[in-house]
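Student: Residues per chain, in single letters:
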Amino acid sequence: MTSFKAALALGYALTVTTAFAGELVINSDQSDPAPKKAMETLLEGFKAANPDVTVKWNNFDHEGYKSAIRNFLTADAPDVVSWYSGNRMAPFVKAGLFEDVSDLWTEHKLDDQLKSAIKSMEIDGKKWGIPYSYYQWGIYYRKDIFEKEGITPPKNWAELVAACEKIKAAGMTPFAIGTKALWPTGGWFDYLDLRVNGYEFHMDLTAGKVPYTDPKVKAVFEKWAELVKPGYFLENHAAIDWQDAIPQFVQGKAPMYLMGNFAVAAMVDGGLKEDQIGFLQFPEITAGIPMAEDAPTESFHIPSGAKNKEDARKFLAYLATPEAQTKMNEVLGQLPVNNQSAKSNDPFLKAGFEMLANAYALAQFYDRDAPAEMAKVGMEGFQQFMVKPDNVDTILERLEKARGRIYK
Amino acid sequence: MSSTVSATSSYWKRNQQRLAPWLFLAPGMIMFSIYVIIPIFESIWISFYDWDGLGAKTWIGMANYVELLDDEAFYTSLKNNILWLVLYLLAVPAGLAVALFLNQTVAGIRLYKSLFFFPFVISQVVVGLIFTWFYAPDFGLLSALIKAVSGQSIAILADERYVTLGIIAAGLWPQIAYCMILYLTGLNNINPEQVEAARMDGAKGWSLLWNIILPQLGPATFIAVVVTVIGALRSFDLVSIMTDGGPYGSSRVLSFYMYEQALSEYGYRMGYGAAIAVVLFMIMMVFITLFIVRMLMQERHA
Chain A
1 MTSFKAALAL GYALTVTTAF AGELVINSDQ SDPAPKKAME TLLEGFKAAN PDVTVKWNNF
61 DHEGYKSAIR NFLTADAPDV VSWYSGNRMA PFVKAGLFED VSDLWTEHKL DDQLKSAIKS
121 MEIDGKKWGI PYSYYQWGIY YRKDIFEKEG ITPPKNWAEL VAACEKIKAA GMTPFAIGTK
181 ALWPTGGWFD YLDLRVNGYE FHMDLTAGKV PYTDPKVKAV FEKWAELVKP GYFLENHAAI
241 DWQDAIPQFV QGKAPMYLMG NFAVAAMVDG GLKEDQIGFL QFPEITAGIP MAEDAPTESF
301 HIPSGAKNKE DARKFLAYLA TPEAQTKMNE VLGQLPVNNQ SAKSNDPFLK AGFEMLANAY
361 ALAQFYDRDA PAEMAKVGME GFQQFMVKPD NVDTILERLE KARGRIYK
Chain B
409 MSSTVSATSS YWKRNQQRLA PWLFLAPGMI MFSIYVIIPI FESIWISFYD WDGLGAKTWI
469 GMANYVELLD DEAFYTSLKN NILWLVLYLL AVPAGLAVAL FLNQTVAGIR LYKSLFFFPF
529 VISQVVVGLI FTWFYAPDFG LLSALIKAVS GQSIAILADE RYVTLGIIAA GLWPQIAYCM
589 ILYLTGLNNI NPEQVEAARM DGAKGWSLLW NIILPQLGPA TFIAVVVTVI GALRSFDLVS
649 IMTDGGPYGS SRVLSFYMYE QALSEYGYRM GYGAAIAVVL FMIMMVFITL FIVRMLMQER
709 HA
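Line order of the protein sequences matches chains A and B.
Sequential numbering of the first sequence, starting at 1, is according to this note's numbering.
Sequential numbering of the second sequence, starting at 409, is according to this note's numbering.
By construction, these hints were calculated from the structure, which means they are not laboratory data.
Keep in mind that a hint or two might mislead.
Stated by the list, open to error - Facing chain B, according to a computed beta carbon distance under 8 Å, are these residues of chain A, among others:
| hint | residue |
| --- | --- |
| 1 | K94 |
| 2 | A95 |
| 3 | K180 |
As the structure is a prediction and not an experimental result, all values here were calculated from the model.
All residues carry an ideal CB built from backbone N, CA and C; glycine is no exception.
Turn these sequences into a full structure, and let the hints guide you.
Tutor: In structure tokens:
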């Protein structure tokens, strides 16, 4: 294994030039057009504020980055890396590969400004990075179709089921979804669990404190079955990716989509006008449970092996400022974490901001709140459930077995 | 000083004949041990540990293997691997059939041959993508056909009953072409006098093929089987491209499961992945041993 790692490290060293003194090396995975432009904006701002620092930015392909980061963190660490918060950064923190940046938080009084993301950046009482952006999840729906069919946006579970019935009767499939990559199922599980059992239970479950065979978990799947069994999700969702389901939404064959805000760009690209798309908060299920939301946070970190930690800290401090976050998120089409940033005029971001500002708590997403291994087994189970809802007991037993092994 | 020089030079002179072959073999042997032999033992060694690739390794003895015995996903992969092995071998008779069909002298036969060989030339990734679109619900050619005939639409790659069969069918396309080429070269070397003599004795059709042609194609068949078996056991790219092991893991094969556990986004269980690799290696070993034994026997006969 060591020889394998060394070979990878060598390959990496050949492709990425090493740093000179006074140079700040940033590795990140903003390979999509919008994130790439946002990153360029951020770097321009940083260079203007710190003309003495030269920045070297290595932009990686999104998927390749996930394995590359393990190699460069151990072999030839850059000064700043992008990564995900929550449990996804836990392995790096536990292996001592990330630098504790709690000092930055106290020095720049970030506990107030970045308040909503504190929980997701904290492990063992220390903070391991600076969050700069997040986005809301919720149900995007076709306003025009809802109007035509006389459906009002549902506020609770009964209304949602009634709306689905109506849509199905009109010859459409209520929900678009593509589960080939598994993670879209995680959004559904998160929201159903957050609404049926609440935030605390969901966090206990993803932290491995509650068995998956608990009746409360079963109750989540009973609600889910009310949508799966009548065929309220696109058939063949297991064969397609989330983008492949967008045309169904655009063509009006499936007028609702539970997704992150990034889906809006794809919907507009597909030919929809912004006023044809509506956004609604996932409806209430168990009355009286405070509404928590999914809002994955994106962040930058300093590897413990960084050579230029001084400038890396300058960079993170700049990243935390309201001005930098405003500018960057405008391009990104997401929400700045810093609560003193300027508010966006985008209708979806406005709606998202209002929802998240009033949210009881924020969950990261199933595959960031649960450890990676559990997330894989779990989301595979969710996908199987969405194809074969009758197998729920065997699926939950399998998840429980995995929980027993993974959390130990 | 001079005595030592003469001593070494005389040692070299005395043993030159014995040492020279080893010197020539050395570069190959060093490469082979670094890239093949040592990693095999390293994998076996890692399979006794619990290790995420970053932190410290913990010795857990046989625990990875015990877990494997109780792992549903492992049995699914094993079952699929056997399915691959059996169905993939269809490429051998199919390749023979195509080769026999193309082994004639008609105008432009070279063009037809190259067209039939074409799928083997394109990358497996492209084959996978082509078949994914071919199977795609809604706009794929095959699902459109099925819908036209039966009125029902089947998403092959989303249905746990058909998904592995669908991927194997995609894999057979280039593999048949490969077997065909092996047989075409074999057919070139057939002794025409033997065929002539057999015809005089009244052999034709199946009996000519079975008794005269096939025995002469023995070496080609051997290579075709070996290559196909190995291809079936290391089927990874098509599974990864077409389904990523899904739906819910029902199209996994051992090599893919190993990758998933050890190296994919949600994996990094190096020990467990290594244990799967060891099992796969054992299965391969059965075939490798069979082939080697056969080869040695033939050499002795010759």
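Student: State for each hint whether it applies.
Tutor: Against the structure, the hints:
no.: 1; hint: K94; verdict: holds, 7 Å
no.: 2; hint: A95; verdict: holds, 4 Å
no.: 3; hint: K180; verdict: holds, 6 Å
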